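> Respectively, the protein sequence lines represent chains A and B. Using our numbering, you'd call the opening residue of the first sequence number 1 and step up by one each time. Using our numbering, you'd call the opening residue of the second sequence number 1 and step up by one each time.
For the record, the hints were derived by calculation from the structure and aren't laboratory data. Just so we're clear, the structure is a prediction, and the values are computed from it rather than from any experiment. A couple of the hints might just be wrong.
What the hints assert, rightly or not - Chain B is faced by these chain A residues, among others (derived, beta-carbon under 10 Å):
id, residue
1, Trp-72
2, Tyr-76
3, Cys-78
4, Val-83
5, Gly-90
6, Lys-99
Glycine is no exception: its CB is placed at the ideal position from the N, C-alpha and C atoms.
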Amino acid sequence: MRALFAGLLVAASLAFADIAPFPEKPPPAVEPAPAIVEPAPAVEPAPAPAPAPLHPMGIEKAVGSGVIQGGWEYVYACYALAVIGVLGYGASLFVRRPKEQAS
Amino acid sequence: MPASIPLLLLLALAVMVVVHIAVPKTRTILWKLSAALGAVMLGLLMYLGMFYAPPEAFMSNVGRILYVHVPYIWMAFIAFLMNVGCAFGYLMKKSWVTDALAESSAEVGVLFGAVGVAMGSIWARPTWGVWWDWDPRLISTTVMLLSYVGYLALRSFTEDPERRATWSAAVGILSGVSLPITYYSVRWWNSLHQVQSSTASVDKTMGSVLLWGLATLLFFLFPFIVKRYEIARARQTAAMELPPLEAPRPEAA
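Please work from the sequences and hints to get the whole structure.
This is the structure we're talking about:
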């Protein structure tokens with residue numbers, strides 16, 4: 001039995017090891033195509049992006065430029081999920097409690 | 001908030017776990033105390049994570065997701081490690097206690113892992129631009145979660161308690177192979193996912209909030225495993241009392 005488990009462990013390790021990528025060969029050198037010079041088309045000024053929704057506590061003031069703006073909806077979703085996860089599982093344990101505890 | 005506060009709470013929880021194991025009389029109280037403290041700490045975690053911690057340098061406020069995503073995944077790893085330990089323990093010395101603990105830790109680990117992966121997907125949308133990517137960390141985490149879902153399915157499909165315990169212990173050990181692969185996947189392969197989060201690699205305020213998240217979820221992990229263990233033990237007892245499926249055939253004269 002132990003030999004069987006050892007064999008299964010080795011087989012599983014080999015299966016996972018197969019995920020490792022093989023070293024890739026470098027791509028062949030490609031000669032650059034001759035450059036075609038065309039007049040640049042007139043560029044219309046892009047409309048200013050809509051400002052991100054501000055948080056009620058004004059936390060955005062601490063955020064510098066060049067970083068992700070806004071995104072509070074994702075933060076709220078994750079924190080709601082964190083609460084739902086523990087409360088939901090707690091409720092499921094209460095529903096499934098053994099009969100002697102329920103009575 | 002100094003990091004010593006969550007560390008003290010972690011110490012208190014460790015004492016509670018030890019007392020729960022050593023003094024059977026306290027077993028009806030300590031899990032309730034732990035769950036109640038966890039609920040209060042979860043409320044505080046929402047405040048600390050969303051308003052107290054500073055915005056992350058590149059991810060800004062989206063980085064606040066990490067204060068719940070990372071502890072959730074840590075809980076999954078702790079629960080799965082416990083499952084592997086119980087599986088080895090069962091194979092070395094057969095015991096219904098280790099079998100029930102293995103079952104409870106696997107289910108709790110799947111819960112924390114699934115919610116943690118869902119949070120990671122929500123976090124990936126604003127940072128990577130996609131909900132999901134076939135990245136080494138994400139693939140290995142999916143394989144790890146699916147292997148434990150398979151473990152739980154095997155347990156529910158097997159009627160004979162002794163066979164179920166032996167087979168699931170073997171599958172638990174096999175599933176445990178995925179733990180180091182998942183953990184080190186961000187270092188072994190070129191991964192879009194960042195390397196392991198640590199309290200040592202971030203600002204002190206961020207580190208203390210991350211520790212608070214860890215302590216909060218550990219206060220939930222303890223009662224979850226205790227109550228799920230009781231369910232598993234009750235099922236084992238019920239299975240022992242069941243009559244055999246087929247009546248023994250009368251021997252030919």
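> All hints are to be evaluated individually against the structure, with a verdict given for each.
Each hint tested on the structure:
Hint status for Trp-72 (chain A) relative to chain B: holds, with the closest Cβ pair at about 6 Å, below 10 Å. Satisfaction of the interface hint for Tyr-76 (chain A) is found here, the shortest Cβ-Cβ separation to chain B being roughly 8 Å, below the 10 Å cut-off. For Cys-78 (chain A), the suggested interface contact is upheld, since its CB lies about 5 Å from the closest CB of chain B, less than 10 Å. Interface hint at Val-83 (chain A): satisfied, since its Cβ lies 7 Å from the closest Cβ of chain B, which is below the 10 Å cut-off.
Hint status for Gly-90 (chain A): holds, given a least beta-carbon distance of 7 Å to chain B, under 10 Å. Contact between Lys-99 (chain A) and chain B, as hinted, is supported at the beta carbon level, the nearest pair being about 8 Å apart and thus within 10 Å.
Violation of the numbered hints given earlier is absent; every hint is satisfied by the structure.
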